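Peer 1: Residue numbers (the numbering used here), protein chains in the order written: chain A, 1 to 339; chain B, 340 to 464; chain C, 465 to 612.
Read the hints as simulated data drawn from the structure, not as lab findings.
These numbers come from a predicted model, not from an experiment.
Just so you know, not all the hints are guaranteed correct.
[Unchecked claim] Pairwise CB distance ranges, derived in the manner of DEER restraints:
hint, chain 1, residue 1, chain 2, residue 2, range
1, B, V446, A, S81, 51 to 59 angstroms
2, C, F611, B, L343, 43 to 51 angstroms
3, B, L388, C, A581, 34 to 42 angstroms
4, C, L596, A, E272, 39 to 47 angstroms
5, A, D274, C, K477, 18 to 26 angstroms
6, C, T468, A, D79, 44 to 52 angstroms
7, A, N90, C, L509, 28 to 36 angstroms
[Said to hold, decoys possible] The following residues of chain C were derived to be distant from chain A, with all beta-carbon distances above 12 angstroms:
hint, residue
8, L509
9, S511
10, G514
11, D516
12, T527
13, F530
14, L535
15, L575
16, L577
17, V585
18, G609
Glycine residues also receive a C-beta, built at the ideal position from the N, C-alpha and C atoms.
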Amino acid sequence: MTQGKKGTITLTDNENTVSVHSYAAAVGKMEGDGPLGSYFDYVSKGAQLGEPTWEKSESKLQKYAFDMALRKGQLTREDVSFYFAGDLLNQCTVSAYSARESNIPYLGQYGACSTMAQTLAMAGVFSRGNNSYCAAITSSHFCSAERQFRFPINYGGVRPPTAQWTATAAGCCITGTEDKSPYLSKATIGIVRDMGEKDANNMGAAMAGAAYDSLSRHFDNTNTTPSDYDGIFTGDLGQVGSDILKELFIKEGRDISMVHNDCGLMLYDRNEQDVHAGGSGCGCSASVLCGYILPGVESGKFKRILFAATGALMSTTFVQQGESIPGISHVVEITHERI
Amino acid sequence: MDILLEYLKAFLVGGILCVIGQLLIDITKLTPARILVSFVVAGVILGALDIYEPVIDFAGAGATVPLTGFGNMLAKGMREAIDKDGFIGIFTGGFSACAAGVCAAIVFGFLVSIIFKKTDRTLQE
Amino acid sequence: MNITKKEYKTIAKKHEGTSKLYITLPKTFLIGGFICCIGQFFINLYSYLGLDIEKSGIMTTVTLVFLSALLTGLGLYERIAKHAGAGTLVPVTGFANAVVSPAMEFKSEGLILGTAAKMFVIAGPVIVYGILAAFIYGIIYYITGLFM
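Could you put together the complete structure from these sequences and hints?
Peer 2: Take a look at the structure:
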């Protein structure tokens with residue numbers, strides 16, 4: 001048995017290709033007002049989307065992203081053979097509720113804010129294995145996340161500067177095996193890394209260690225260096241986490257600061273929008289990937305990029321019990337040309 | 340002039356008590372819930388030691404409106420209840436002292452939750 | 465991973481950033497002080513209307529709780545609090561906000577298990593520890609009273 005490098009899976013090689021057939025991003029108003037606003041396929045007028053509860057609003061956002069990705073790829077639901085979806089809410093329910101009308105075999109995914117990379121890697125593997133279209137969808141919603149993880153919307157609690165703003169956004173990629181850009185080249189699955197951070201309001205610090213670990217392993221396993229890529233996009237480390245990540249790499253002698261950017265910093269204008277250390281939530285990296293990064297790779301603006309979504313695998317229960325917060329990061333390498 | 344001085348004293352003392360809370364948030368990273376609890380307990384202790392009443396005499400609402408005033412009210416109510424009813428007062432004093440505030444919060448809280456629609460905070464940025 | 469938790473912590477600490485006290489504290493002071501002035505206004509008003517000092521204090525608390533509930537319902541309290549920090553947290557209006565906001569938020573789970581059950585999810589500890597502290601004081605006060 002020929003063994004691959006630990007944790008890294010090859011999706012596109014000499015015999016097979018795995019690519020993103022179509023993709024779409026649906027976001028809320030605040031995200032639409034941000035610097036990437038014009039890149040998104042759908043911007044809602046408010047966070048409610050005509051639904052009575054925030055949970056249903058989020059589900060609807062997922063459905064929008066999925067339907068638009070299908071339309072853009074000229075597919076119907078019947079063409080999709082597996083449905084991978086994830087979100088932040090209890091037991092991954094938003095995804096289950098958005099999937100219940102799809103009539104597609106469903107696998108719920110949870111990787112906190114790293115879920116977009118997780119679903120994308122899973123969909124890529126299933127596409128290659130089954131030679132079919134698979135959907136990778138994730139979402140988050142400020143109001144539904146806030147009421148589950150923090151405080152009621154109208155509570156005047158104080159947010160520390162390290163806190164991040166959960167994005168109201170969803171992204172959907174439909175993977176297939178066509179020989180076309182953007183290619184899903186490789187994926188490195190993250191190892192759960194706990195750096196001892198206990199502050200649930202400082203998730204950037206909880207996740208930066210995991211991002212450093214996964215990116216390093218990806219460089220090692222693929223014999224590449226940061227300069228081989230023209231973009232390294234971390235999920236949502238925010239300002240605090242990004243600074244930590246860059247310093248970790250400089251310490252090691254590999255400088256990523258020339259090509260690094262963070263979805264949590266790209267989604268909002270932090271001078272104008274009150275998001276503290278930046279955006280977060282599964283929808284943050286999902287919408288930036290589907291709205292900005294993938295079109296860039298498809299057009300050739302980016303030749304070869306790494307998408308490293310990061311997640312803080314915490315729950316309020318564990319945090320209140322005094323446990324530190326484990327982080328994870330999955331890396332997906334996406335290329336304009338077949339490598 | 341007197342009335343202006345009264346407002347000035349309320350403003351200064353109330354402001355300072357809030358600043359203490361903010362310093363606790365910024366420096367010690369105590370969560371808001373812990374700060375509220377600390378303020379109330381501190382108020383009970385200061386009230387029990389008869390330290391808080393002079394502050395109220397000086398600052399009026401500047402000392403009664405912050406949650407330390409709430410704590411002081413609990414201590415004061417406890418003392419009065421025991422003076423009046425003896426042993427039973429230990430059990431009735433606390434709740435009678437804060438009855439109005441808590442009842443108002445419950446009633447208005449319930450009414451507001453019935454009447455008002457939820458707020459879309461993502462629109463307010 | 466070639467980095468220890470301790471080394472990581474030093475790096476993380478460096479990038480944490482702190483609240484800018486010169487911005488937060490003045491706003492806290494001004495807004496907190498202002499809320500107390502509103503309280504003073506109502507104390508004076510109720511005294512003027514003939515209530516004794518104790519009753520006007522109680523009515524002032526009720527009035528402030530009402531105003532805070534109203535602002536919370538309109539979605540304005542949180543917007544002020546964003547600037548005020550502890551300035552809106554420490555006054556009794558902050559207590560009311562802590563009761564009203566979960567009552568509103570969890571209405572979607574029903575009036576019993578949502579609104580009512582979650583009403584004191586934030587403010588509950590304040591009452592519990594306030595009553596406990598007062599109870600302990602009551603015991604001490606009662607016992608010392610027996611021997612005096």
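Peer 1: Now tell me if each hint is right for this structure.
Peer 2: Evaluation of the provided hints:
1. Between V446/B and S81/A, the C-beta spacing of about 56 angstroms keeps the proposed range 51 to 59 angstroms intact.
2. At about 47 angstroms, the beta-carbon gap between F611/C and L343/B stays in the expected band of 43 to 51 angstroms.
3. Against the hinted window of 34 to 42 angstroms, the Cβ-Cβ separation of L388/B and A581/C comes to about 37 angstroms, which satisfies the hint.
4. Separated by about 46 angstroms at the C-beta atoms, L596/C and E272/A satisfy the suggested range of 39 to 47 angstroms.
5. The hinted range of 18 to 26 angstroms is satisfied by D274/A and K477/C, whose Cβ atoms lie roughly 25 angstroms apart.
6. For the pair T468/C and D79/A, the beta carbons lie near 50 angstroms from each other, so the given range of 44 to 52 angstroms is met.
7. The given range of 28 to 36 angstroms is broken by N90/A and L509/C, whose C-beta atoms sit roughly 48 angstroms from each other.
8. Residue-level check passed: L509/C sits 25 angstroms from the nearest beta carbon of chain A, beyond 12 angstroms.
9. At roughly 29 angstroms from the closest C-beta of chain A, the C-beta of S511/C stays outside 12 angstroms, upholding its exclusion from the interface.
10. With a least CB separation of 34 angstroms from chain A, G514/C remains clear of the 12 angstroms interface cut-off, as annotated.
11. Look at D516/C: its CB is around 33 angstroms from the nearest CB on chain A, clear of 12 angstroms, so calling it non-interface holds up.
12. Look at T527/C: its CB is around 19 angstroms from the nearest CB on chain A, clear of 12 angstroms, so calling it non-interface holds up.
13. Even its closest Cβ contact with chain A, about 16 angstroms, leaves F530/C beyond 12 angstroms, as expected for a residue assigned away from the interface.
14. Distance check on L535/C: its Cβ comes as close as 9 angstroms (rounded) to a Cβ of chain A, failing to clear the 12 angstroms threshold; non-interface status is violated.
15. The claim that L575/C is not at the interface with chain A holds, since no C-beta of that chain comes within 12 angstroms of its own (minimum 15 angstroms).
16. Residue placement check: L577/C keeps its beta carbon more than 12 angstroms from all beta carbons of chain A (closest about 14 angstroms).
17. The claim that V585/C lies off the interface is violated: its Cβ sits roughly 8 angstroms from the closest Cβ of chain A, which falls inside the 12 angstroms cut-off.
18. Against chain A, the non-interface label of G609/C holds: every CB pair exceeds 12 angstroms, the least being about 40 angstroms.
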